[in-house]
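Enquirer: Take a look at the letters that make up each chain.
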Amino acid sequence: MSNNATWARIGGTLRRNAWQAVPTILGIIVLNFVLMELVPGDAADVIAAEAGSATAESMAQLRAHFGLDLPMLRRLWDYLSGLVFLDLGVSPRHNTEVTTLIFGRLGNTLLLMGTALGVAVLSGVLIGVLMSLKAGKWQDRVLSVLALLLYSTPGFWLGLMAIVLFSVKLGWLPTGGDHSIGAGLTGWPAVIDGARHLVLPALATAGFFVAIFSRLTRASMLEVNRQDYVRTAESKGLSPAAITFRHVLRNALIPVTTVAGMHFGALLGGATVIETVFSWPGLGRLALESVLARDYSVLLGILFMASLLVIVVNMLVDLLHAWLDPRIQIR
Amino acid sequence: MRLNTNLSSHAVLKTIGQRTSRFLLNAAVATLGLSLSLGAVAQTASTTAAPVPTDAAKRGGTLTWIVTPEPAAFVPLTTTAGGSTDLGPKVVEGLFNFDVKLQPIPALATAWQVTPDGLRYTFTLRKGVKWHDGKDFSAADVVFSIETLKTVHPRGRVTFANVRSIEAPDAHTVILLLDKPAPYLLTALDGAESPIIPKHLYEGKDIASNPLNNAPIGTGPFVFKEWVRGSYVKLERNPNYWDQPRPYLDAIVARFIPDAAARAAALESGEVQLGNKVIPLSDIERFKALPKITVDITAWPYVGDHQQIYFNLDSEPFKRREVRLAVAQALNLDVFAKTIWYGHGVPSATPIGAASPFHNPAIKRYPYDVKAAEAALDAAGYKRGADGKRFAVRLLNNPFQDRRAADFVRQSLIRIGIDAELQTLDFATYVTRVYTDRAFDITLENLTNVFDPTIGVQRVFWSKNFKVGLPFSNAPHYVSADADRLLEAAAGEADAARRRALFFEFQEVIHRDIPSIELGANPNVTIAARNLHDWGVNAGGVRANLARAYFSKP
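Sequence order for the protein chains is A and B.
Following UniProt numbering, the numbering of the first sequence begins with 1 at its first residue and continues without gaps.
Following UniProt numbering, the numbering of the second sequence begins with 1 at its first residue and continues without gaps.
Derived from the structure by calculation, the hints contain no laboratory data.
Yeah, the Cβ is synthetic: ideal placement off N, Cα and C, and Gly gets one too.
Careful, some of the hints might be misleading.
Partial list, derived from the structure: chain A residues whose beta carbon lies under 7 Å from chain B [claimed, not checked]: (1) Arg16; (2) Asn17; (3) Gly52; (4) Asn95; (5) Thr99; (6) Ile163; (7) Pro281.
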């Protein structure tokens, strides 16, 4: 197969995926819009209540200002027609463009999620390989127990305990935020500073997924180990390392990457908790705050963004599968 | 304790005059010393004398401070939400600051005068004050600000409702003419309540959507630098501040940390040096034992914290006073203060808390008496059923309050056979349930007294403020001709002594009718680094401008 044909095929797949994504995203938005309608209270209620001293007139003014007095279908239509031009609307609460708010946070969340997912996949796979090589021996048992512990510990608790130990008691790492505010660092010191802030939240997020990926890798490694081609490779006299990494792991990675792709959504959801504990200025917290403030336009924008991300990540996983196992067709 | 409006205006002017002249003298002496040392001859003393580092030892440092929750806007202009009143005064000032006895301290105004009938206020403004963009501050700004506050500020509509006209006869004098007396007006002129905004940047634009509300230009001790949403606000010292050598701090960083445990960790590790209402009450004792930290529990009069329990007087059992009295008797509020408040709050049996000069200390609680409560409920026809329950109620709790308070009330109600179901809701749902749907029987609220009962307390008990759909209006649906008359009379009474008597009588009426059970000021815990000083010199505590706050060597 020529390279050009491959790229054309990938391009076609991406186009088809993108078209399939449109009704999905539309459905997500309409569903969320309706759900938010059903929740008691609106942005004007929250703003007026926070002020503690609104008048009936000022509330009517607020609603008119935000367009909350219009019928629901009209607002949904306005929102969707804005979306065609990638206009996500204005946040009544922050008095700012939703796109500004979201892009201000998106990078932070992607950094945290990407690091956490990277750490989780890497260490999970390594631990899984180790466990499968030592299956049934004490190393396997110890690691299994550790994985079970990580699996059953909530991320926020892990995070809090890490803060107490590494920040309060030892004073090694900062308790929260994404950089040292007011230090005005640039260049390498800024990168190192950012990394120091990233360590604890990324590890706390990764904890649960390390457990999943290690167990999954172990199981599929043991599964693949029994395949005929592994026996063939062994009988050819290949080194154990070559067998493990080139023949077994490569095939065992298919279920791992599938699950990693599927968990990306869960990772975004879990971000809310970790971002709250570590006061990490990311999308998860923005989403939570928007729900509590009934800031619909921001929430819809985040959900729109998140659904795009999930679709993109799944497409990447498909491509990765095709690379890992050429027998898998790019759909 | 009385408000200054009670004193003769002459005496008031004299006090302010003394303060001002002392300041002038200091400034003059200092300036003279400076000019002599420089060998210069021509120097004139003014209230904005050249920077004089008389307190060089106090100068410097960055204060990191927790504000929670992150507010929607920086300047408390169209909102009075907590975070805005915390942040605003550091950048945008009012005409006065207030000391812990609610007495005015000159800020943008140096003196004021009120006619005995309370209908004419004359303010003398400070000369030589500049906005952070370098323009001169003048009377036109004050006129514009008060006119704006009167239309867009949630409380300003009430505060300035009686103001008929605002005049500026010269650049440093402002005169307010009122239709009726407004005895609460002067106390409202703090930066947190009535911020003075620059006319040249606001005029002719929509007030609510002006970006300056989030990136303010003010006259205050600190200059706004940046606001990274969801993370922090950065302020830097204003080198041209009128009150030299203040501010002492080089910068202030306000951080938004949503999780209570993370806030406690940040304070404990020393990353953050100041925070008000940021740690759980259960942490107080632990923090007291920490060597580098002080724990302050002051009920700040400008904030007027106040916690209360409202009955829904429209729901069947609570229409009857004897049932409400039975509930009042069933609550052991001494135990409440000891266990829920960890012994730190300031209880009050009346809706006007003990920090207010209008609090009536003669009113005592109905004594704790479970037997009497049960007997009263029996007599009222609510006998215990076969399951030991008399009737069921929906118990709600403002989610910004400690949930344990609601648990305490629930337990107390169950003890006398009232089956209370506690509903835990998010803020918006809570507000809708209570104030729009009115789907509750008892609710635990926290409506602060603020700086004056006409502004902070009247809204709850005034029958004309029963408005369905309006948050924090008259939740009990209390209708009393007596209370209405007293509240309305107090709102327009220029004589402070008579006004006080009216409020005293009002508190007796509430105590008699029991539309609410008042708990008092819940503990207002401020955690500060031990080497941070003078952050709490004004009536608002950390809400004031922090111009005097400084660090000593750790």
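Enquirer: A closest beta-carbon separation below 7 Å is what the hint needs, so does A/Pro281 meet it against chain B?
Expert: holds, 4 Å
Enquirer: Go through the hint on A/Gly52 and say holds or violated, using the shortest Cβ distance to chain B against 7 Å.
Expert: Cβ of A/Gly52 sits 5 Å from chain B, so the hint holds.
Enquirer: Quick one, is the A/Arg16 hint okay against chain B at 7 Å, beta carbons?
Expert: Violated. Min distance 37 Å.
Enquirer: Just to be careful: measuring from the Cβ of A/Thr99 to every Cβ in chain B, is the smallest value less than 7 Å?
Expert: At 13 Å from the nearest chain B Cβ, A/Thr99 fails the 7 Å test, so the hint is violated.
Enquirer: With a cut-off of 7 Å on the beta carbons, see whether A/Ile163 makes it to chain B.
Expert: holds, 5 Å
Enquirer: Holds or violated: A/Asn95 as interface residue toward chain B, Cβ cutoff 7 Å?
Expert: holds, 6 Å
Enquirer: Less than 7 Å between beta-carbons is the criterion; does A/Asn17 satisfy it with respect to chain B?
Expert: Not OK, violated: A/Asn17 not within 7 Å of chain B, min 32 Å.
In summary, the structure is inconsistent with hints 1, 2 and 5 from the numbered list given earlier, while agreeing with the others.
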